[in-house]
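Participant: Sequence:
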Amino acid sequence: MKRKGLTAAVLALMLALGMLAGCANSAASDSDQASSGQQGASTAHATERTITDMAGREVTIPTEVKGVYCAVPTGEATVATLAPDKLIGWVNEPSEEALRYLPENFAKMPVVGGWMGQNVTANIEDIIALDPDVIIYMGSGKSIGSDTSIPDDIQTQTGIPVVVVSSDLADTATVYRQLGDWLDKADRGEQLASYYEKHFADITSKLDAVPASEHPTVYYAENTDGLATDPEGSSHTEVLSYVHVINVADVEMKKGQGRTEVSIEQVIEWNPQIILCHSGFVLADDIVSNPQWADIQAVQNGRVYNTPAQPFNWFDRPPNAMRLLGIEWFAKVCYPDIDMDVDQEISDFFKLFYNVDLTDEQLAELTQQETISFTGAKASASR
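With mature numbering (1 follows the signal peptide of the UniProt record, and there is no 0) applied, the sequence shown corresponds to residues -21 to -1, 1 to 362, in that order.
The set of hints was computed from the structure by calculation and includes no laboratory data. Just so we're clear, the structure is a prediction, and the values are computed from it rather than from any experiment. Hints may be right or wrong, so weigh each one.
In silico BS3-like pairs for lysine-lysine, Cα to Cα no more than 25 Å straight-line [said to hold, decoys possible]:
1. Lys330 / Lys185
2. Lys330 / Lys87
3. Lys330 / Lys65
4. Lys65 / Lys164
5. Lys177 / Lys164
6. Lys177 / Lys121
7. Lys87 / Lys45
8. Lys121 / Lys330
9. Lys330 / Lys177
10. Lys121 / Lys233
With beta-carbon atoms standing in for the labels, derived distance ranges [as the list claims (entries may be wrong)]:
11. Glu83 / Asp339: 42 to 52 Å
12. Ala149 / His194: 13 to 23 Å
13. Glu104 / Gln347: 36 to 46 Å
14. Glu231 / Asn98: 14 to 24 Å
15. Gln170 / Val90: 21 to 31 Å
16. Gln323 / Glu27: 25 to 35 Å
17. His194 / Gln347: 40 to 50 Å
18. Thr39 / Thr338: 27 to 37 Å
19. Asn98 / Asp318: 18 to 28 Å
Ideal Cβ positions, reconstructed from N, Cα and C, are used throughout, including at glycine.
Take the sequences, apply the hints, and build the full model.
Facilitator: Right under this line is the structure:
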């Protein structure tokens, strides 16, 4: 009887110890699962991240950006090609002509103004009401790192994170990659960046091979009377620089929006072979029909052209990805024998960047540049 009692006691003790061990393991397992769950929840609910923009500013942005407002036209021209589904407001109302090449919803987006040099039209209350996740500010890569007062001020006024990227033509591919990362469009950003790098390298290598003796003299006409311009080295004349033309404007560079005023006497003295009119200000017809310009060789020879402008200007104002086409188109104007199918380049660009299959009629409208000189001579820059 004593042996049976002892055996029963030992078994009871072992059973109790086993139950305690099981409870301990269960508790440890529950603790591990709880800890793992907390870590997973922490990861799953990480709603923000800190990035460094192209001005060197550290900015905290949402991990998922759904809505974007651009403080300058340059920005919206860029986002329109990269993430059109995220753009939610305009700085300026687009023209009907521009909207023909842009997504349908763009016509319904509100206009809330922006920051364009000294011209500030932004309505802070309207911008806040848009409720963008991020505001994009673009400025010259030569200066954005040294003066961040404007984007800093925008961020302070709106309480919305502002990221800064460069508007310099040479930085275009980098900008697409950066914004692609920040806006959750990395694949699209890489696609546009790679295309830009390849085609930019191709056209610039061909232009580098053109002898200096063949570089034409060019006057870049701005303002409504054509009597304002920007010199070599200005951010507003980057396209001219890459085409290797001789910019005749021997004037002081004006900061900000540029456009140094000149006299008709100065332009007559410069006597450029080509006059390029920024179509946002003045048209070739305005120049060639004005007797004051009649003795300039560009007018005499019918070599006065408008910058193509749809859906955004191909040269400047705003500086944007269309400048690649501006280089290619103007290269063909200046050097007709250069080995390049401009029509194909334009068609490919519009398909990739705007998802638009250009008709022959649209292609002609984008580039047709027949001008009539004061003396009746004709020239076409469309091909």
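Participant: Can you give the numbers of the hints that this structure goes against, from lowest to highest?
Facilitator: 8, 11, 16, 17, 18 and 19
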